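A.B. asks: Residue numbers (the working numbering), protein chains in the order written: chain E, 1 to 326; chain X, 327 to 652; chain V, 653 to 980.
Hints are computed from structural coordinates only; laboratory data are not their basis. Computed from a prediction, not measured in an experiment: that's the story for all the values here. Just so you know, not all the hints are guaranteed correct.
To be verified - DSBU-like, lysine-lysine: derived pairs with alpha carbons at most 35 Å apart:
| no. | chain 1 | residue 1 | chain 2 | residue 2 |
| --- | --- | --- | --- | --- |
| 1 | V | Lys-805 | V | Lys-826 |
| 2 | V | Lys-679 | V | Lys-703 |
| 3 | E | Lys-91 | V | Lys-703 |
| 4 | E | Lys-91 | V | Lys-972 |
| 5 | V | Lys-805 | V | Lys-703 |
| 6 | V | Lys-679 | V | Lys-798 |
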Amino acid sequence: MASVGDTRPALRFVSPTASRELALMAAIIVVSIIFASVSPYFLTVNNLVQTMRAGLELAIVSAGMTLVIIMGGIDVSVGGIVAVSAIVIGKAYQAGLPAYLVTPIGLLVGTALGSFNGLVTAKLKVPPIIATLGSMYIFSAIMFLVIGGAWISGLPGTLSPLVNGWLGFIPASALVIAAVYLLAWLLLRKLPFGNHIYAIGCDEQSARLVGINVDRTKVMNYALLGFLAGLAALLYVARLRNVEINIGTTIALEAIAATILGGTNIRGGVGSLLGTLLGVTFIRIMQNGLVLTGVSSLWETVIIGSLLIIVLTADALRNRNNPRAT
Amino acid sequence: MTSKSTGLSVTDPLRARLFMLLALWVVAIIVMALLSPYFWRASTIPYLLQYVPILGLLGLGQTLVILAGGPGIDLSVGSILSLVGVAVGALFSIGVDIWIASAIGIVLGAALGCLNGFLVNVLRIPSLMATLATMFAFGGFALAVTAGRPIGGFPASFSWLGQGHTFGLPNAFVFVLLPVALILHVMLTRTTVGRHIVACGNDDRAAHLSGLNVIRLRIGLYTLSGVLAALGSIISMSWFLAARPDAGRGMELLAVTIAVLGGTHIFGGTGGVPGTIVAILIVTTLQIGLQLANISAAWQLGLIGMLLIVSVSRLSTLRFGQGAKS
Amino acid sequence: MKSILARAALGLIATTFIAGTAIAQDKVRVAFVPQIQGIPYYVAMEEGAAKAAEAFDVEYIQQGPTSTNASDQLRIFESFVNQGVEVVGVSPVDVETLKPAIARAREQGTHVITSDADAAGSEREFYVAQAMDQDLGYTILDEMVKRVGADAKISIISDAPTIASLNAWIAAIKERAESEYPDLEIVAVDHTDGTASRAFQFATDAMTRNPDLAGIIGIASTTCPGIGQAVEAAGRQGEIVTAGFCSPNTVKDYVLSDAMTYSVLWNPADLGYLTVWAGKQVAEGAAFNAEPEVEGLDANVRWLEDEKILLLGDPMVFTKENIEQFDF
Numbered sequence: 001m002a003s004v005g006d007t008r009p010a011l012r013f014v015s016p017t018a019s020r021e022l023a024l025m026a027a028i029i030v031v032s033i034i035f036a037s038v039s040p041y042f043l044t045v046n047n048l049v050q051t052m053r054a055g056l057e058l059a060i061v062s063a064g065m066t067l068v069i070i071m072g073g074i075d076v077s078v079g080g081i082v083a084v085s086a087i088v089i090g091k092a093y094q095a096g097l098p099a100y101l102v103t104p105i106g107l108l109v110g111t112a113l114g115s116f117n118g119l120v121t122a123k124l125k126v127p128p129i130i131a132t133l134g135s136m137y138i139f140s141a142i143m144f145l146v147i148g149g150a151w152i153s154g155l156p157g158t159l160s161p162l163v164n165g166w167l168g169f170i171p172a173s174a175l176v177i178a179a180v181y182l183l184a185w186l187l188l189r190k191l192p193f194g195n196h197i198y199a200i201g202c203d204e205q206s207a208r209l210v211g212i213n214v215d216r217t218k219v220m221n222y223a224l225l226g227f228l229a230g231l232a233a234l235l236y237v238a239r240l241r242n243v244e245i246n247i248g249t250t251i252a253l254e255a256i257a258a259t260i261l262g263g264t265n266i267r268g269g270v271g272s273l274l275g276t277l278l279g280v281t282f283i284r285i286m287q288n289g290l291v292l293t294g295v296s297s298l299w300e301t302v303i304i305g306s307l308l309i310i311v312l313t314a315d316a317l318r319n320r321n322n323p324r325a326t
Numbered sequence: 327m328t329s330k331s332t333g334l335s336v337t338d339p340l341r342a343r344l345f346m347l348l349a350l351w352v353v354a355i356i357v358m359a360l361l362s363p364y365f366w367r368a369s370t371i372p373y374l375l376q377y378v379p380i381l382g383l384l385g386l387g388q389t390l391v392i393l394a395g396g397p398g399i400d401l402s403v404g405s406i407l408s409l410v411g412v413a414v415g416a417l418f419s420i421g422v423d424i425w426i427a428s429a430i431g432i433v434l435g436a437a438l439g440c441l442n443g444f445l446v447n448v449l450r451i452p453s454l455m456a457t458l459a460t461m462f463a464f465g466g467f468a469l470a471v472t473a474g475r476p477i478g479g480f481p482a483s484f485s486w487l488g489q490g491h492t493f494g495l496p497n498a499f500v501f502v503l504l505p506v507a508l509i510l511h512v513m514l515t516r517t518t519v520g521r522h523i524v525a526c527g528n529d530d531r532a533a534h535l536s537g538l539n540v541i542r543l544r545i546g547l548y549t550l551s552g553v554l555a556a557l558g559s560i561i562s563m564s565w566f567l568a569a570r571p572d573a574g575r576g577m578e579l580l581a582v583t584i585a586v587l588g589g590t591h592i593f594g595g596t597g598g599v600p601g602t603i604v605a606i607l608i609v610t611t612l613q614i615g616l617q618l619a620n621i622s623a624a625w626q627l628g629l630i631g632m633l634l635i636v637s638v639s640r641l642s643t644l645r646f647g648q649g650a651k652s
Numbered sequence: 653m654k655s656i657l658a659r660a661a662l663g664l665i666a667t668t669f670i671a672g673t674a675i676a677q678d679k680v681r682v683a684f685v686p687q688i689q690g691i692p693y694y695v696a697m698e699e700g701a702a703k704a705a706e707a708f709d710v711e712y713i714q715q716g717p718t719s720t721n722a723s724d725q726l727r728i729f730e731s732f733v734n735q736g737v738e739v740v741g742v743s744p745v746d747v748e749t750l751k752p753a754i755a756r757a758r759e760q761g762t763h764v765i766t767s768d769a770d771a772a773g774s775e776r777e778f779y780v781a782q783a784m785d786q787d788l789g790y791t792i793l794d795e796m797v798k799r800v801g802a803d804a805k806i807s808i809i810s811d812a813p814t815i816a817s818l819n820a821w822i823a824a825i826k827e828r829a830e831s832e833y834p835d836l837e838i839v840a841v842d843h844t845d846g847t848a849s850r851a852f853q854f855a856t857d858a859m860t861r862n863p864d865l866a867g868i869i870g871i872a873s874t875t876c877p878g879i880g881q882a883v884e885a886a887g888r889q890g891e892i893v894t895a896g897f898c899s900p901n902t903v904k905d906y907v908l909s910d911a912m913t914y915s916v917l918w919n920p921a922d923l924g925y926l927t928v929w930a931g932k933q934v935a936e937g938a939a940f941n942a943e944p945e946v947e948g949l950d951a952n953v954r955w956l957e958d959e960k961i962l963l964l965g966d967p968m969v970f971t972k973e974n975i976e977q978f979d980f
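Extracted from the complex, chain E is given alone in its bound form (with noise of 0.2 Å):
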């Protein structure tokens, strides 16, 4: 690659993406102001709360999906491992298996299709979008081949109260949210293999020569993606206790989007937990309210990628003459 973006902060007294956490911050206090101004069922706890269970999995996604940017990697067959998990749990579900089994088996599956992923990428050094699009080709493929025609419907809600439960007064989606983030933002920022993440996406070449294991370390980055992406089958399924076949069209691309909203850089080296999450409540608060509001869902993608093009504007505009942002 060439070098002219490549003058990226290896030293940083101030957090790099502070400013779009902060944007982004604006934005969504703008936006809610907005919307609860227009809808009095805007700022209930109860729409919030709803509102929080339909990004479960994207927030999930994304925490992963985060660290796999950072590392200078992307993963657009997120949304196939998701799919690929979720039937693997509908059928064993189906098959009787209990809670206990199908969660690590879900989990699994998940962690493996991530790490087929990694493997591809490291060991034969195929660029990772051409190898997660490749493997998102085979994903949906699978996806088809197992399930067919035969949704599975009337699955056991056993983890449904992970996502729909109550701790207090504290949802218990929240909670794994939290609990998500908390592990994600540990390995980041606490562990050897947060930094390993770090020096890769800035410079891979040197994070080699000074003794970093890049491969393995590209590999666990993918696994830790498709686990997250095993848990969020999993709580899908809690979720909906339905098996079909378009789950997870979407996901990919919206934690790809939330991700970069969130500040962490495409190319690599910097990146935000925080502002991830910020990225996805911007994204689900703007499904959310603008149903509320009662604007057709037909102008919804129109309207976020609007946003989308305006809040990377800006902030490309305020930081023109700052070329480490970029």
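Knowing the structure of chain E, use the given hints to seat chains X and V on it.
C.D. replies: Just chains X and V, lined up with the frame of chain E:
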């Protein structure tokens, strides 16, 4: 364009890639002929070529955008195709002559492509993100203004381009794709602009220092990609005599697949028109052949995915390097 | 390089075996292109069609696109025509896209019929209909009004806005609401991206926005599980009336738990059976009389000569009382 080069050395990786692709295509044709008795017939040729031009144009635009580096990618081509179609349909329905409306459509395609170029190169928003945002915005807009309904009623004379045949070959292939591919190929290999594009992709800083206006060049290529998408849109309308607001859905990723399968390096600097053309022929041959053998479309997805990964993986280049030496 | 070629060849040859090689040429071949593959509805249709193929000694092939994409569907349609299949049936995603192709196929001597959804204005020979679009829209709305009253608020959730047949049903519902139930308010028509989770979101948001919402109608079978689950999650089983055009197996659990009140559908297996029978008739050049007898099919089939429509019968309404008797 292809067989002449037999006598030349195969050290050039691009040419070697082309050989591999051609061989792969021959294999695909043989296998398809074995699979279905209906494949090995003269009538298959126009049938197959009918599906080549639209995706081929998008693939060519993608090839150039990726080739010029950055790293560049254009995920909005499918949405541009849809939106241009809707605009032309709207113009036609208020009484504008269809060919004039098509010309305006091409201008619109150029403008939308130029917007992409501006976002990516002037504002320096990463291409994946910028064109993902415009993909949502353009595609959503096309769907929203029409409420999803196709605009029909084009005059039968308009079908010449999309449905007519010359010497037994589809007009869109003979009069649009072939000339466009030829012009782009000559431009890339014989002109200064072409050398500049490759130089940009190889090392944009060096290109910039040697006095090349990298930004202008790249904006030009995004614009070209928009124009090619608009051309594809016109072919599609002339074929179906209707403008569908989702006409380009899913085509962006296929266009990337084809460009990369054709040997264009995802980070730019290597690639060419012939490879892309053979890649689109391979993909279409697989799709048509498997369809004629009544094999589920899911297998087509899986096969394309596998082909993509294997063709870019280190496995293929390694073996291929040894093969070239012997 | 050799190795990659070998690899590719192996892969391709492997698919040969998967495909099987049997191509029987002596039987009449009837093919059908559904709007999408991988949904229970079309699988049921295929099962019924296979039964008829056995009974009437024809060969039946069904291949559908992996997403509701009109140009993918066209490719499959043209593939059947090029294989010289005698009768090609299709359930169009988009009518405009198929019109020229249908005309070309007829020129080549292929019999083209539509089934499950019609291609109005095309040169298809006739349409094998499960029920008239209008009747379907009217029935689902009438059943709804029976339960919620004529002055209630209802919401509609559909799949992609580009699917013509779903739009026709929505139009019929709206027309009925305007002419018969002027006080009924349709608060929104939302379009999902085909996922159940999006239908879940829309249903939840519709209930939040309209606390007095009395009913939700799901137009596509992809929306039904999401709607049922949304009602369960909101704990409003039995309070809100939900309905859809969904096969009983997809919604059985929700209907039994009161999360979904009723479903309006026909038996897709019967529709598949009738399609193959009709295909055989048209291949042999036989005409239909006003009330054709279809051997092995227990339905009140009618032939509408003016519209060229072969009608399966009236739509069925599935409720808690009868849903367990059906398995499709």
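A.B. asks: Please write out, lowest number first, the hints stated earlier that are contradicted by the structure.
C.D. replies: 5 and 6
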